[in-house]
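S.K.: In case you want the letters, here they are:
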Amino acid sequence: MKAVESEVFAAANARFRSPAMVARTFVPPEQFRILTRPSHTVMVGPRGSGKTTLLKMLTPEALEAAAAAKRFRLSEGLRFTGVFVPSDIAWSRQVESLGQWDIPAEVASGLFEASFAASVLRNFAAAIHERLTREIPKVWLNVATVSIDRELEGRVAEQLALAWGFELRVPSFLGLRAAASERIVALGRAAAAMHRTRDFTIIETLAQGGGLIPDLTLALDVIEALVPELRGEKWCLLFDELELAPVEIRRTLISAMRSVDDRLIFKLAISPYSADLSDLVSAVGAMAGHDHDEIWLSYGHKAEAVRFSFELMHEVIRERLGQEANLESLLGDALFPTEDESETTTELMSDIQASYVRGLYEIDRSFRRYVNDSVGGADALLSSTGQERAQHLRKIMPLVIVRLAFRTPDDSSSAGSRRYRSRKNPHIYSGTTALAAILEGNPRWIIGLMNALLDTGPGRIVPRIQTGEVVRTRNRFRALLSTIPVPVGSADTRRGLLSLIDQIGQSFRQNIVADDFTPDPVGTFIVDGSASDALLDALGSAVNTGAIIYVPDSDSSGLLTSMRGKRFRLSYLLATGYQMPLRLQRAASLRSIISKEPGDDQLELFNDY
Amino acid sequence: MGDKANPEAVHYAWQRIQRLQTALGAPILMAATGNHDMDSREINGFDARGILQGLGNYPFDTDALNNEYWANNVVIQEHGPFRSVLLNSSGYHGYGEEWQHGRVSLRTREYLKRRLRETKDPGINLLVTHHQLYKLGGVDLEDKSEMQDASALLEDLGSGEYGSWFLIHGHRHWPAISHSGGGRGAPVVFSAGSFSAVLYSEIQGRARNQFYVLEIEDTEPGYPIRGRFRAWDWVADEGFLPAQERSGLSYSGGFGGSLNGVQLAAEVSEFFERNQTGYVTWGDVEAAIPDAAFTLPTDFAHFKRVLRDSHGLTLLTMDNGVPAQVGKVAS
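Top line first, the protein sequences correspond to chains A and B. Note that numbering that gives the first Met the number 0 has the first sequence beginning at 0, numbered continuously upward. Note that numbering that gives the first Met the number 0 has the second sequence beginning at 0, numbered continuously upward.
The set of hints was computed from the structure by calculation and includes no laboratory data. Remember, predicted model here, so these are calculated numbers, not experimental data. Treat the hints with care, as some may be off.
What the hints assert, rightly or not - Just a sample of chain A residues kept apart from chain B, beta carbon distances all over 12 Å, derived:
1) S17
2) H128
3) T132
4) A156
5) E157
6) V169
7) S180
8) I183
9) E242
10) P245
11) R250
12) R319
13) L326
14) S411
15) R463
16) S529
Claimed, not checked - Straight-line alpha carbon distances no greater than 16 Å define the calculated EDC-like cross-link-like pairs of lysine to aspartate or glutamate that follow:
17) B:K3 to B:D148
18) B:K3 to A:E157
19) A:K137 to A:E203
20) B:K327 to A:E232
21) B:K112 to B:D148
22) B:K327 to A:E150
23) B:K119 to B:D148
24) B:K327 to B:E237
25) B:K3 to B:E67
Claimed, not checked - Short, incomplete list of chain B residues facing chain A, as computed with Cβ under 8 Å:
26) R273
27) Q275
28) Y278
29) V328
Every residue gets a Cβ at the ideal spot worked out from N, C-alpha and C, and that includes glycine.
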C-alpha cells in the first residue's frame, strides 16, 4: 500500500503532505546543502518554490523515509533534530478576535504569546517523539543513538509538563503534545470567557510559561539532566510560511532570537516581500554562537533554475515511467539557444536558426538595416565565429525568433499601424531547455506540467502538446493572479495586479516585437525610488507569487529587503504570453514603462500561441 | 463516469480509468455501470446502453464476458484467492421509470446463485455494483434510489451458502462501512464516496470527494472477511490528501472485526492494566488484540468514547488520525 501512496497519489503542494511523503519524491536543489548546515537560516522564496518541502526534509520522519528510498545522499548526516512548525492561519484569526473583544492589550498579548508558545512546544514534543522512536542511519542524522524506556520517557514528559505548566495525562511525548493541544484550546476558551465576563485574571493560570525561548531552554535542561546522552544536542526550529503569521509572531521570534540558547537553531521560511523581512534577517544575523545563511529560492538568472528544472523533470519522468528517460528525446530540442549555444546546438538546430535569421531579414526592414550596418549582411552574420558570433548572433537570436514568429511582415498588406501577427501555434516555447526555463525551477509548476504532458501518452511529446500545456499552466497562473488583492489607493494599482503585470508585459512586447529592431530592447524593470506604497505592495505580491522575479546584482546577497532601486523581470511563464524571449533583457525604470500609452494592438491574452 | 450519459465524458472517464489500471499494474478492473452512464432518458437516442457498448471493451476486455454482462446483468469470475461479481444494478434503465432506482431482478439473482454454485468459494468474495443496497446515514435526501430487491440479494449472500462477502457500491456519494442486516455472516458493505461529483449541499459538511485503497486479509472459506482501508480527500488546488476526520471516512480504518466499541474498550482497558506502564502503543494493542485493527469506523468512534468515559483512558493519535498510544485520562 505504501508504494501506491508515494508513486501515484502524491500532490504537488508539500503543505498537506507528511514529511515521509515529501521525502519519497524529493529532489535536492543546490540550496539544500546550505540548509542542512547547523546554522541559522532565512530562506526566501515565492509560492511553490519548495520552501515547505525543504524544511520538512530536515525532520526525523523525512530523513528516515529518504534513507529508505535511497534516492540521493547527504555529504554528511544532519547534526540537529528538526522541529517543523507550520504557520497556523488560526494565529491571525486569534489576533483579530482578541482585538475585537476589547481585551486589554497586555492581556491579549500574554494570551497570544502563550498560545504561540504552546503551538511550538506541541511540535517540539512531537519532534522528541520522532527523534527517539525512529531508526535513522548516521549518514542521515548524525546524532547520538539514544533509546529510553517508557518509565524514563514518562518521567521526562512529566518534568517537561511541569516546566511548561501543562496538565499531562498520558506520560509520554505524544501525551505532552496532546497536553499542548489542550492548552491551546483552553487559551481560546479563556479569551472567550474574558470577553463574556470581563474577568481577566484567568490568564494567570494559563499563561504560566516564561515565554517561548525560556520554555525551550528549560526543556533542554530537563531533557539533558534526565537523558545525559542528549547533552549538547542541537534542536532546529523550522518555521514555515512566516508571511502567513501575524506580525506579532515575527516580532516574538525576532526578540526570541536575540537572547537565544546556542542549542537552538532557527531556520525561517518566508515569501520574498515582507515588510519586516529585513528585521528577521538582521535578527538571525545578529545571533551569537552560530553562522547564519540566507537562501534565495527564486532564480533571477536562468542557468540556476534550468539546472534544477532538469533534475526535477527527470525525477518526475522516472517516477511516472518507472525508468530513466532522455528528456531531449521526449521533449525535443528548443529553438531558443542555450547560454552555451556553440557547444550544444546541433547541426539541425543551426540550420533552423539560420532559416529564422534569413526569414526575418526578408520581412523586417529595421532588422535588415541593423544586420547590414553591423556585420555587412545576413551571410556574414551566419558565418561569423568565435567572439563575433557571440557578440552578434547569439545575442540577437532569441529576438529574431520572437520577431519572426509574432511580427507582421513590413511588406504585408496588413502591415501599417498593426505590427503583430495573429499567428497560431508557432510553438517556439517548446523543447527541453525552453520548458526548463519557463518552469523557473518552481517544483509545483514542474510537477504539474510534466505530469500533464506525461498524461498525453507514451512516446515523444510533440511541440503542439507542449505549447498547449504551457498555455494552460500560464492561464491557471493568471487566474490565480487575478484573485490577489492589491491596494486600490494608487492609479497604478487600481485595476488590479494582473492588469499591472499586463501593462508591463505589453510594453516589453511593444519594444521587442513591434518597434524597430534593436539588439538591446527593454525587458526588465527597476522600481523607482519614488514608487508609491500601494505600487510597492502590489509588486511585493507579484514577487511572493512568482509573477515577477528579482534579478540581484552579481555582488548582492539576493535577499530582497526593499523593492526600491531593485531590478525585476517577468516570470518566463508569463513572458510567453507577451511574446518575449526567454532571456534577461535591458532594464528601464518602472515609471517609464507603466506611464506609456498602450499601443493600438492589444494582446490577445488567451490565444493559443 | 459521466453526467446524464454525456458521451464525451463517459468516453473520457473510461479512458482515464483504463490508464489508471495500467499505471497501477492492476490485473483486474471492475467497473460498475452507474445510472448516469446509461442513457435512460433517451438524450442521445433510444439505446440506453449504446454509449457503453460503443466503448468496445466495457466493462471487460473480451466479447464473451461483455455479452454475459449485458445478457445477465452479472458476471462471476474466479481469480485465485478471491471470487468477484460485477453486478449491473442499472441494467433496466431505459425502461419506464426504472431510472429512478437500481434493481437486481429475480432472474439475475437466480443466475448469480447458479454460477456461484458452479464456482469455488476461495474465502474472499467481492461484489461490486453501483446502487446502494439500503438507505444510508441520517441525512434525508428524499431519495428512493436504492436497489430494488436488494434485500433478497443480501439474504442470499448472507446465508453462508455462498461464502463470506464484501460488497462495494457507490451512487449515494456517502462514504460509510456497515454490516448488512442478517446473521453474523451478513456481508460487509462498503459505500464509496464520490471521486469527483459535485456533492449535494445536504452532505457537503459531512462528506468529501474521496478515493480508497482497501486491503483484504486472506481468509479460509466461510470465515469472516476482514481488512483495512485508507481514504484520501480531494482538496481544491491541492489534489488528493490523506482524509480528515468528518470527511465521511477518515484516513485509516478497518472492517470485519467482531468486537463492538464496548467490547473493544474493555479488552484494551484490561490490556492496559495488565501492562502496568504509563502508556501502551497502539502497535502493542493490535498485537495483543488482533481484532482491534478491523473495527468498523462507527464502532471505533464508540470505542474511543467508552474508553474515555468508562475506563478513564484516552487514545492519542498522530496528526493523520492514525492511533498511536493509549494512556490514562487523569493520573
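S.K.: So, for every hint listed, does it hold in this structure?
M.R.: Results of checking the hints against the structure:
Look at S17 of chain A: its CB is around 7 Å from the nearest CB on chain B, not clear of 12 Å, so calling it non-interface is violated. Residue placement check: H128 of chain A does not keep its beta carbon more than 12 Å from all beta carbons of chain B (closest about 9 Å). Separation of T132 of chain A from chain B is inadequate, the least Cβ-Cβ distance of about 9 Å not exceeding the 12 Å criterion. Distance check for A156 of chain A against chain B: the nearest CB is about 8 Å away, which does not clear 12 Å, and the non-interface claim fails.
Distance check for E157 of chain A against chain B: the nearest CB is about 9 Å away, which does not clear 12 Å, and the non-interface claim fails. Against the 12 Å criterion, V169 of chain A falls within the reach of chain B, whose nearest CB is about 3 Å from its own CB. Under the 12 Å C-beta cut-off, the non-interface status given to S180 of chain A relative to chain B is violated; the minimum distance is some 10 Å. Every C-beta of chain B lies more than 12 Å from that of I183 of chain A, the closest at about 14 Å, which supports listing it as non-interface.
For E242 of chain A, the non-interface assignment is confirmed: its Cβ lies about 18 Å from the closest Cβ of chain B, beyond the 12 Å cut-off. Listed as outside the interface, P245 of chain A is consistent with that label: its C-beta sits roughly 23 Å from the nearest C-beta of chain B, beyond the 12 Å cut-off. Every CB of chain B lies more than 12 Å from the CB of R250 of chain A, the least distance being 28 Å, so the non-interface label holds. Its beta-carbon lying about 8 Å from the closest one in chain B, R319 of chain A breaks the requirement of being farther than 12 Å from that chain.
With 12 Å as the threshold on Cβ separation, the claim that L326 of chain A sits away from chain B holds: the shortest Cβ distance comes to roughly 21 Å. Even its closest Cβ contact with chain B, about 39 Å, leaves S411 of chain A beyond 12 Å, as expected for a residue assigned away from the interface. Under the 12 Å C-beta cut-off, the non-interface status given to R463 of chain A relative to chain B holds; the minimum distance is some 19 Å. No beta-carbon of chain B is positioned within 12 Å of the beta-carbon of S529 of chain A; the least distance is around 37 Å.
For the hint linking K3 of chain B to D148 of chain B, the alpha-carbon distance of about 25 Å lies beyond 16 Å, and the restraint is violated. With a CA separation close to 61 Å, the supplied pair K3 of chain B and E157 of chain A exceeds the 16 Å bound. For a cut-off of 16 Å, the pair hint linking K137 of chain A to E203 of chain A is broken: about 44 Å separates their Cα positions. Pair hint K327 of chain B plus E232 of chain A does not hold up; C-alpha atoms about 31 Å apart against a cutoff of 16 Å.
The straight-line distance between the Cα atoms of K112 of chain B and D148 of chain B is roughly 15 Å, inside the 16 Å bound, and the hint therefore holds. With a CA separation close to 14 Å, the supplied pair K327 of chain B and E150 of chain A stays within the 16 Å bound. Pair hint K119 of chain B plus D148 of chain B does not hold up; C-alpha atoms about 25 Å apart against a cutoff of 16 Å. Annotation: proposed proximity of K327 of chain B to E237 of chain B is violated, straight-line Cα distance about 38 Å (limit 16 Å).
For the proposed pair K3 of chain B and E67 of chain B, the alpha carbon gap of about 25 Å is over 16 Å, so the pair is violated. For R273 of chain B, the suggested interface contact is broken, since its CB lies about 14 Å from the closest CB of chain A, more than 8 Å. A hinted interface residue such as Q275 of chain B counts as satisfied when its beta carbon comes closer than 8 Å to some beta carbon of chain A; here the least separation is about 10 Å, so the hint is violated. For Y278 of chain B, the interface hint holds, since its Cβ comes within 8 Å of a Cβ in chain A; the closest pair sits about 5 Å apart.
Because the smallest distance between the Cβ of V328 of chain B and any Cβ of chain A comes to about 5 Å, under 8 Å, the interface hint for this residue holds.
The earlier numbered hints that this structure contradicts are 1, 2, 3, 4, 5, 6, 7, 12, 17, 18, 19, 20, 23, 24, 25, 26, 27.
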